[in-house]
Amino acid sequence: MPARQHLLKIGVSGIRGVVGGFLTPMLASEFAQAFGTYTRGGRVVLGRDTRASGAMLEHAVTCGLLSVGCDVVKVGILPTPTIQMYVEASGARGGIALTASHNPPEYNALKLFNEGGQFFNHFERSELIDIYHEADFAHAANASIGRITEEPETPARLHVQRVLRCVDADRIRARRFRVALDGVNGAGSLLTPRFLTSALGCRLNAISIDPTQPFPRQAEPTPDALGDLSDLIRREGADIGFAQDPDGDRLAVALPDGRILDNDEVLALVVDAVLSRLPGDVVVNLTTSSVIDEVAAWHGRRVFRTPVGEANVVERMRAVNAVIGGEGANGGIIFPAVHYCRDSYTGMAFLLDRMAETGEGIEALAQRLPRFTRLGMKTPFRRGMLGPVFREFEDTFADARFDRTDGLKIILDDGWLHVRASNTEPLLRLSVESRSAEKARELLRTGTAILRK
Amino acid sequence: MAARALRISQVGLRGIVGSGVTASRVMDFSAAFAAFLETAGPVVLGRDPRASSVMMREGVCAALMASGRDVIDLGIASTPVIQHCIRRLDAAGGVSIGASHNAAEWNALKFFGPRGTYLSTGEANELLDIFHLGQFDFVEWTHLGRKTTDGSAMDSYLDSLASVYDFDTLRKAKVVVDCSNGTSSLILRRLNERFGFALILINADTDGVFAHEPSTSARAVEYQLGPLVKPLGADAGFLFDADSDRVAIATAEGKAIPEEMVLALAADHVLSQNPGKILITNLSTTLLLDEIAASHQSKVVRVPVGRSSVIDALSIHSPEDVALAGEGTGAVMFPQFRFVYDGIATMMTLLEMSAARARPFHEMLDDYAVYRMQKAEVPLQRRRIPQLFDALLEKFPGGNAITLDGIRIDFGDRWFHVRVSQTEPVVRIIAERKGESPAEMMAAVMDLARAYA
Chain C
1 MPARQHLLKI GVSGIRGVVG GFLTPMLASE FAQAFGTYTR GGRVVLGRDT
51 RASGAMLEHA VTCGLLSVGC DVVKVGILPT PTIQMYVEAS GARGGIALTA
101 SHNPPEYNAL KLFNEGGQFF NHFERSELID IYHEADFAHA ANASIGRITE
151 EPETPARLHV QRVLRCVDAD RIRARRFRVA LDGVNGAGSL LTPRFLTSAL
201 GCRLNAISID PTQPFPRQAE PTPDALGDLS DLIRREGADI GFAQDPDGDR
251 LAVALPDGRI LDNDEVLALV VDAVLSRLPG DVVVNLTTSS VIDEVAAWHG
301 RRVFRTPVGE ANVVERMRAV NAVIGGEGAN GGIIFPAVHY CRDSYTGMAF
351 LLDRMAETGE GIEALAQRLP RFTRLGMKTP FRRGMLGPVF REFEDTFADA
401 RFDRTDGLKI ILDDGWLHVR ASNTEPLLRL SVESRSAEKA RELLRTGTAI
451 LRK
Chain F
1 MAARALRISQ VGLRGIVGSG VTASRVMDFS AAFAAFLETA GPVVLGRDPR
51 ASSVMMREGV CAALMASGRD VIDLGIASTP VIQHCIRRLD AAGGVSIGAS
101 HNAAEWNALK FFGPRGTYLS TGEANELLDI FHLGQFDFVE WTHLGRKTTD
151 GSAMDSYLDS LASVYDFDTL RKAKVVVDCS NGTSSLILRR LNERFGFALI
201 LINADTDGVF AHEPSTSARA VEYQLGPLVK PLGADAGFLF DADSDRVAIA
251 TAEGKAIPEE MVLALAADHV LSQNPGKILI TNLSTTLLLD EIAASHQSKV
301 VRVPVGRSSV IDALSIHSPE DVALAGEGTG AVMFPQFRFV YDGIATMMTL
351 LEMSAARARP FHEMLDDYAV YRMQKAEVPL QRRRIPQLFD ALLEKFPGGN
401 AITLDGIRID FGDRWFHVRV SQTEPVVRII AERKGESPAE MMAAVMDLAR
451 AYA
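Heads up: the sequence lines are chains C and F, in that order.
Going by this note's numbering, the residue at position 322 of the first sequence is 322; the numbering climbs one at a time, nothing skipped.
Going by this note's numbering, the residue at position 60 of the second sequence is 60; the numbering climbs one at a time, nothing skipped.
A few of these clues could be false.
As the list claims (entries may be wrong) - Cut-off 30 Å, straight-line C-alpha distance, at most; resulting in silico cross-link-like pairs (DSSO-like, lysine-lysine): (1) Lys255(F) x Lys434(F); (2) Lys255(F) x Lys174(F); (3) Lys74(C) x Lys147(F); (4) Lys174(F) x Lys230(F); (5) Lys147(F) x Lys9(C); (6) Lys147(F) x Lys230(F).
Unchecked claim - Derived, one-sided and incomplete: chain F residues facing chain C with beta-carbon distance under 8 Å: (7) Ala23; (8) Met27; (9) Asn125; (10) Glu126; (11) Leu127; (12) Leu393; (13) Glu394.
To be clear, the hints were calculated from the coordinates, so they are not data collected in a lab.
For glycine and all other residues, C-beta sits at the position ideal for the given N, C-alpha and C.
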């Protein structure tokens with residue numbers, strides 16, 4: 001049976017789909033009506049990334065929000081983290097970002113934020129989806145229809161200020177770093193150059209920072225999609241290279257020789273930078289590399305692990321009052337002093353700050369991280385396969401420790417395997433890691449054999 | 001049975017916002033309109049100042065853009081300006097958001113074809129079929145429409161007025177205008193600025209609050225506008241509905257001119273310049289029109305009540321043969337403006353007439369035979385409408401019975417018309433008699449109507 005294509009998905013993570021026949025303006029508006037019914041009116045912040053469908057959906061969502069008595073504060077094209085912190089700072093009742101993040105350009109989605117500017121937790125999401133399915137929306141009469149206001153400047157200013165107060169900006173500016181940037185023509189196209197030059201005094205060589213143009217490369221900043229950034233950084237002899245995804249929450253980092261740093265290592269470097277300045281523990285998801293445990297151990301801090309998903313990481317960070325957190329594989333860095341959200345700007349600032357502080361280049365800093373080999377594969381999910389697969393893994397690794405909070409993580413003395421169903425696609429993902437490349441390959445072989453049975 | 005909150009008909013979508021007119025219905029109807037349009041080109045959009053009109057604008061934009069149509073948003077614009085703009089920009093069609101003379105809690109969508117005219121009966125039925133089918137033509141993300149704004153629509157419209165009317169004469173008119181807080185306010189303010197008119201505008205704020213029900217009834221004239229005409233030393237007063245397609249008049253003494261007389265005066269003036277051409281009106285308007293037409297060797301063509309019937313008639317008769325068309329409600333259309341109901345043009349025509357004859361309105365009214373008209377309605381309960389018509393024919397033998405739209409029976413100097421309303425669940429009855437009250441005839445018709453309706 002071929003895997004079903006997810007052209008439209010309405011579920012606990014909101015609504016996401018291919019614009020056209022699937023994600024229609026009516027669906028977007030109805031979801032917005034459910035959202036506004038949930039917030040009981042009040043001010044709702046609305047922003048978007050640079051996707052071609054963003055303007056159309058912005059109208060649909062504005063219509064839906066106004067129709068249930070919300071006031072709509074339009075912030076225009078902005079990175080998702082910028083929108084999130086503005087929701088919280090402005091005292092709005094909630095927020096919506098129109099972005100399908102790293103998904104291809106034909107997709108779009110509604111990301112929903114609560115009054116704290118954070119992703120809806122499990123309970124909030126299920127209540128919202130119930131309202132959506134009941135379709136009993138709080139239709140407003142003419143007298144209670146809200147107004148549209150526009151706030152294009154304040155959110156970006158707020159975001160930059162919050163990041164700057166957490167690093168030594170003077171120290172960074174003094175170094176006049178040369179930075180290469182690939183903005184994917186995304187939501188950060190205008191803010192990121194301003195942030196790096198005006199705020200941090202860098203000399204910038206940027207590509208793909210035209211928000212009116214389509215994404216010039218794959219939206220997800222994976223190493224194989226960043227060839228242009230590699231060329232740019234080598235050609236310009238820059239100190240470091242940054243790449244964002246279309247909504248500016250994920251960060252990828254390029255080294256001066258053009259290599260793209262592994263996302264887990266980016267997170268590890270930022271964790272090291274933060275822990276060397278501030279007290280507190282670390283929260284990452286189950287699939288994040290063990291390099292984080294080692295870095296935390298350098299500073300004598302604890303690492304807490306959660307199921308995959310930003311909301312899960314954030315929830316645990318709040319519970320343990322963590323100082324830093326994130327999700328390794330997908331390039332997300334969460335630093336509560338700026339906001340409880342994945343934020344590429346915090347990542348950029350801390351890496352530059354660490355380079356300024358130590359006087360070392362990004363390559364040298366990365367070199368000092370412990371070496372791990374991470375491998376992975378994915379296979380189409382077939383109904384009913386999960387139980388037998390997990391049993392087979394447990395039998396095969398009978399002496400291991402098991403963590404069943406999100407799929408199955410098998411923890412060995414010299415490595416680990418993590419197998420889980422994707423939240424967003426009909427796939428099973430297997431990740432393995434070990435200090436030894438040989439061992440990692442062996443774990444991948446064993447795991448793949450089980451999945452392919 | 002009271003008027004319902006929603007009416008979807010050949011006229012478009014109309015109802016109370018929240019209970020009848022919802023975001024979803026607005027978007028469905030707009031998407032149906034996009035699927036209905038055959039010619040290429042953008043769609044022109046304008047709205048009245050109601051708060052709910054902004055919500056509806058967002059929904060209309062989203063649905064049109066998702067269907068691949070570019071949208072030209074004129075902002076707050078009267079229906080005649082929208083229609084004028086459709087022709088000027090060679091647009092595929094247009095949408096007007098606003099409930100005209102209805103109270104503030106109502107709203108409506110009206111649709112126009114590529115020539116800027118209302119849809120004919122056949123076209124309106126086609127649009128309704130697409131709406132009910134619920135299958136729309138959404139395009140892929142690469143072909144979505146874009147929204148632009150056009151601030152020049154009003155000036156172009158005024159240029160057009162200036163080319164038809166002698167502004168040098170008309171700007172001397174001393175007139176007070178009640179804009180009903182509607183779109184006429186913007187046009188007339190601009191007319192004062194650009195062309196040196198000295199119109200005194202009242203209820204001219206367009207912040208979405210209505211100082212009075214935006215209707216052109218004699219009552220509105222009598223209580224709101226009339227008392228101001230004399231103290232302000234004006235020669236006449238004009239009162240527009242919210243989307244300025246209808247107009248009512250107060251004399252220099254502040255008396256309301258009967259609403260049927262708006263079309264009658266305009267007909268006398270226009271036919272005197274275009275003798276022999278025809279006048280198109282519906283079966284419910286005054287017999288005085290036939291008398292006026294005869295005096296200019298012209299003929300009255302009577303059609304069923306409703307805009308689309310007038311449009312149907314205009315497609316049968318050659319445009320050069322038609323002098324004007326209109327309703328007894330004060331809605332009049334002229335060939336120079338390609339037959340759209342236009343209250344501003346109607347006011348210009350009447351000012352031109354007053355100037356040409358050098359007489360104020362109350363004097364001109366004395367030139368015409370007095371026809372007494374009575375209007376009433378009976379709620380639909382028994383719904384035995386065919387039996388009612390049979391009973392009327394039996395009770396009133398010897399007249400000329402027209403059954404084009406309900407039943408109208410004509411006796412030369414008196415007539416009555418009984419029909420089921422298209423907009424409310426009532427039977428409407430109109431009776432008129434030359435020189436004397438039609439009360440006796442009216443009472444007999446009402447008795448039967450109460451028995452059968």
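Evaluated hints:
no., hint, result
1, Lys255(F) x Lys434(F), "21 Å, holds"
2, Lys255(F) x Lys174(F), "16 Å, holds"
3, Lys74(C) x Lys147(F), "16 Å, holds"
4, Lys174(F) x Lys230(F), "11 Å, holds"
5, Lys147(F) x Lys9(C), "28 Å, holds"
6, Lys147(F) x Lys230(F), "46 Å, violated"
7, Ala23, "4 Å, holds"
8, Met27, "5 Å, holds"
9, Asn125, "23 Å, violated"
10, Glu126, "21 Å, violated"
11, Leu127, "17 Å, violated"
12, Leu393, "44 Å, violated"
13, Glu394, "47 Å, violated"
Consistency note: the structure conflicts with the earlier hints numbered 6, 9, 10, 11, 12, 13.
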